[in-house]
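**Student:** Chains as they are written, first to last, in the numbering used here: chain A, 1 to 334; chain B, 1 to 293; chain C, 1 to 402.
Just so you know, not all the hints are guaranteed correct.
[Claimed, not checked] As a list, the in silico EDC-like pairs of lysine to aspartate or glutamate whose alpha-carbon atoms are at most 20 Å apart:
| id | chain 1 | residue 1 | chain 2 | residue 2 |
| --- | --- | --- | --- | --- |
| 1 | C | 43 | C | 358 |
| 2 | C | 304 | C | 358 |
| 3 | C | 109 | C | 147 |
| 4 | A | 236 | C | 216 |
| 5 | C | 304 | C | 315 |
| 6 | C | 304 | C | 402 |
| 7 | A | 236 | B | 218 |
| 8 | B | 91 | A | 129 |
| 9 | C | 179 | C | 235 |
| 10 | C | 317 | B | 119 |
| 11 | C | 361 | C | 351 |
| 12 | C | 398 | C | 295 |
| 13 | C | 109 | A | 22 |
| 14 | B | 91 | A | 22 |
| 15 | A | 236 | C | 95 |
| 16 | C | 196 | A | 129 |
[To be verified] Part of the chain B face toward chain A, derived, beta carbon under 10 Å:
| id | residue |
| --- | --- |
| 17 | 38 |
| 18 | 56 |
| 19 | 60 |
| 20 | 61 |
| 21 | 85 |
| 22 | 88 |
| 23 | 93 |
| 24 | 96 |
| 25 | 97 |
| 26 | 106 |
| 27 | 169 |
| 28 | 228 |
| 29 | 263 |
| 30 | 265 |
[Said to hold, decoys possible] Covered, in the sense of this in silico footprint (three residues per stretch, anywhere, with C-beta under 8 Å from a C-beta of chain A), are these stretches of chain C:
| id | stretch |
| --- | --- |
| 31 | 85-94 |
| 32 | 121-128 |
| 33 | 282-290 |
Keep in mind the hints are simulated off the structure, nothing from the lab.
In this text, a Cβ means the ideal position worked out from N, Cα and C, and glycines have one as well.
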Amino acid sequence: MLRKWPLFLAVILILLFPYVLDSTYFRTIGIFIGIRAIVVIGLCLLMGYAGQASLGQAAFFALGAYTSGILTVHYGFPPWLALLAGIFLAALVAVAIGWPALKLRGHFLALATLSFGLIVYFLLKQWSDLTGGPSGLTGIPALSVAGMRLRAGEYYYLVWATVALVAWLSYNIVHSRIGRSLRAIHDSEVAAECLGMDTFRLKLQLFVLSAAYAALAGSLYAHFVRFFSPAAFGFKVSVEFAIMAALGGMASISGGLLGVATVTVLTEVLRAVVPQVLPAAHAVAAVEITTFGVILVVIFIFLPDGLAGGLKELRAKLRARASYAAWQSKGVKH
Amino acid sequence: MEGLASLPQFLLVGLTLGSIYALVAIGFVLIYNVTGVINFTQGEFCMLGAMLSVTFVRQGIHVVPAALLAVAAVVLFGALLERAAINPARKATPLTLIFITLGAATSIRGVALLFFGTEPYTLPIFHNARPLQLAGATVTWPSLTALAVAIVVVFLLFLLLERTMTGKALRACMVNKLAAQLMGINPQLMSLLAFTLSAAVGAVAGIIITPITLAVYDMGLMLSLKGFIAATLGGLASAPGAIVGGLLLGVLEALGAGYIGSGYKDVAAFLALLVVLFVRPDGIIGAIRGERV
Amino acid sequence: MPRKNIPFIFLFLIAVSLSLAAVGCGQRAAQPAAPGKPYQTIKVGAIFDVTGTGSTLGVPAEQSARMVVEKINAEGGINGIPLEVVFLNNESVEDRSVLAFNRLVGEDKVLAVAGASQSGTTLAMVPAATEAEVPLVSAAAAVSIVEPQPDRRWIFKVAPNDSHVISRTLQHMLDNGIKRIAWLSVNNAFGHSGKKQLELLAPQMGIEVVQTETFEAQDADMRVQLTRINAARPDAVFVWGLPPAASIITRNFRELGLKMPLYHSHGVGSRRFLDLAEGTADGVMFAIGPLIVAEQIADAHLQKPVLLEYIRLFEGKHGPRSTFGAHGYDAMMLIVQALKNTTLTGDVTKDRALLRDEIEKIQDYVGIGGIFSFSPTDHVGLNAEDLVMVRVENNEWKLIAE
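So here's chain A without its partners, still in its complex pose (with noise of 0.2 Å):
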């Protein structure tokens, strides 16, 4: 138990950010961290996994988005039972997308993962008479627990308890019988059906339930912003969420969490410093992509495996040294 202290302390820090940090600004983006991190859980799971990047994310975070607020506004539905439609339904349309595409070997989910996301996207602005169109679904009621309305500081709470579930949920599955397979699928998947394992299904249950993970944070970003047009669904989200996973480290977890802290924070403190160098509008959004693209570009040359991966290695390497150094320090001759 007393091993596991780190995660602890962690907990802690979520736990206490907003009191430390105590502003709206803040809590609106640790609120934002843990919606997209329920997101990238999912994805790095697909891709650390399965092998298969998703470009279409988004569409599911839509999905779940959508459906929440049109189940709550047009038709009165309570917003729990909306958001299980939610989840309900972009697991349909996983199955839909991915048995198809997942028999293909390659890039192909990838693919129809993209021009899925493109399709959602544009349907989304075309059927405006039930998406409200470019225009965007407003008046999406707040949440409520036990009567009781959830404001901002409760919500990041809400929020965060939903990131530890998803965490813990997929922790079990990537530490079950499953996980195996999943892991001997990573390595190599021919070897893996030798073996009996029927790669195809595995790999479509990971692609649902990051679809599931999706809609869910979706829903939580409907009744948080309460106001959403498909604007905030497009592809570059999706790229956002795929950069978020691979940077944070695939078939981790904790690189999932970590990605996205990592962009998000990197983006932000961007925006805060780099007005005080640069005055100049256009030079400032400017610099804020060239510096992001710049370190993504770097990142990938020298970790691969992504943030995870890189402390991983780190910490490895000082294990190594320290149990060099205990060996050495018993005098054993050689």
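Assemble the complex: chain A is given as a structure, and chains B and C must be docked to it using the hints.
**Tutor:** Structure of chains B and C alone, referenced to chain A:
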């Protein structure tokens, strides 16, 4: 339902845009087959070609030398990019390489924003040239030029790949990297060559599209996307496939917009992609090589 | 096993917290009040779409708003207290609008916020403004921003409603014998809102819409849509979009040899539109505030001196005038005007409510976009009479006398 009378116009628009997509797709296919990298900076090569030629023309240089200068600059840039970002990471997984090119594309876009700002720019070289009437469709000079240049570029590329030793080496690498290496072909050199060629083709595409659609700092993203889809439609395996894919994508978009409705224009293109992927994964032409195990 | 990463995760989380704290320290803290004054500086926020798809609107708006700050502080501030405006860029992204708004309200403790320039990015801030009870004065066009009242009591706008622009244009069409029109709009909040207004107003005014088409803001070629429109043989074509797409459409229109009258939205009132249309804009007509033809309106017009002064200041510093710049100017000036009439108490929450009431009380304020008069049921302040009809002649703006 629109009548067939509008069909020639739709086809013309589709072919014009399609030829641009084809050029971008060729760039994708070249790089993908030689290095295995899906290059998201392809669209940025187009943007750089466009923006640089606009800058040179504004400095007073005549349009043709300005264009050639711009292409040369982008080629140099493509080579630098390959050496700085792709070559060091050549042992990484394809997934990581995708993200490296995504990161590089983002940086390029940021630098373009810094130098060129957010405003769109024109290449007004067809002042008051009256459009032609051809087979019931209005053909504008920018469209005609775009088509003509695209054909010339493809022809030159064909000559290069078929008739020169370097071109044949490149093709050998595309077919089987290991065998090519055994024959003494240096894959790293081929990677550099693929990138410079794609940069050239991309820059040309960007330059010829500017009189039609204007150049702006973030035009690269959509072009990369469309080029990638066009390449996949064509099978991702060969340059002719890329050309067919590009033209097909352009025509599908135009017909979708023309006969179904403008809102569904892009949906038509992507839906077509999905259908092709699921029904004929080898694309319209050729066989795609399987994933190595 | 993921557990191995966790010790470093917590180190990382500490780094994250410290970075964010650094960001937080970068924010201005609330200043202690000087004796006798409720605040040391009066803080107002401004969020404009300076980069991204809305930059044509946001850049001049921010430049103009900054002009207001300079002008006011040169005159001694607001009732003797300097004006401090915190400018943020939402990069034309809705989430960033919300984030920027929360930062201004939570950290900088501003009394009001001006912005944003686009309908989508403004609508994103409406729930936050209502919840935080902070007045928001928008430079965007969609009528849905301020309706319904009193739900949107905290929100105001300074740009003419799309409904006013459309009815003014439709009236001009009727006066010129046009009965059947085709509509081509951009597929975003601006275009969508315009389309809804058209569908309401056209039947009321007796005009038939024979064909509707859409395009994406970044589309490159609209000849397909125009071909479809041509086949329906309308008397006139009404385009609702912004440059560069609006310019491309105009060019395509001429290339295809279409001859019927071409009307646009008030979004084309900028030099950029003309430059990008490369000489094909002659004959284009649209309804807009009088800024771009200020020199041509009657000297007796109340707005003329105000317009000419703004033009002198803006063109001296920044370049060709633009109606989007005017909206930024009006938004900031209206907040300033209301502040001058507010007795500030030093309690931010209370003062925001007092300021909101003062904005709502503004009557006959001569601005750039028009003469503003607000009321509890009208948070737009303008009507169709504030607009004029303009035609492009020889690549210049010409007021259409009516």
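**Student:** Quick one, are residue 179/C and residue 235/C close enough, alpha carbons at most 20 Å?
**Tutor:** holds (7 Å)
**Student:** Have a go at the residue 169/B hint: is there a Cβ in chain A nearer than 10 Å to its own Cβ?
**Tutor:** Since chain A brings no Cβ nearer than about 25 Å to residue 169/B, farther than 10 Å, the hint is violated.
**Student:** Between the alpha carbons of residue 109/C and residue 147/C, is the straight-line distance 20 Å or under?
**Tutor:** violated (26 Å)
**Student:** How about residue 38/B: closest beta carbon in chain A under 10 Å, or not?
**Tutor:** Hint holds; residue 38/B Cβ to chain A Cβ min 7 Å, cut 10 Å.
**Student:** Does residue 119/B sit within 20 Å of residue 317/C, going by the straight-line distance between their CA atoms?
**Tutor:** holds (19 Å)
**Student:** Tell me if the interface restraint on residue 106/B is satisfied: Cβ within less than 10 Å of some Cβ in chain A.
**Tutor:** holds (3 Å)
**Student:** Would the hint on residue 93/B stand, with a C-beta cut-off of 10 Å toward chain A?
**Tutor:** Holds: closest Cβ of chain A sits about 7 Å from residue 93/B, inside 10 Å.
**Student:** Please work out if residue 109/C and residue 22/A have their alpha carbons no farther apart than 20 Å.
**Tutor:** holds (14 Å)
**Student:** Given the hint that residue 236/A pairs with residue 216/C, test it: the Cα-Cα distance must not exceed 20 Å.
**Tutor:** Satisfied, since the Cα-Cα distance of roughly 16 Å is no more than 20 Å.
**Student:** Holds or violated: are the alpha carbons of residue 304/C and residue 315/C at most 20 Å from each other?
**Tutor:** holds (16 Å)
**Student:** Taking the least C-beta to C-beta distance, is residue 85/B closer than 10 Å to chain A?
**Tutor:** Residue 85/B check passes; min Cβ-Cβ to chain A is 5 Å, inside 10 Å.
**Student:** Report holds or violated for the interface hint on residue 97/B, using the least CB-CB distance to chain A and a cut-off of 10 Å.
**Tutor:** holds (8 Å)
Hints 2, 3, 8, 14, 18, 19, 20, 27 and 33 from the earlier list are contradicted by this structure; the remaining hints agree with it.
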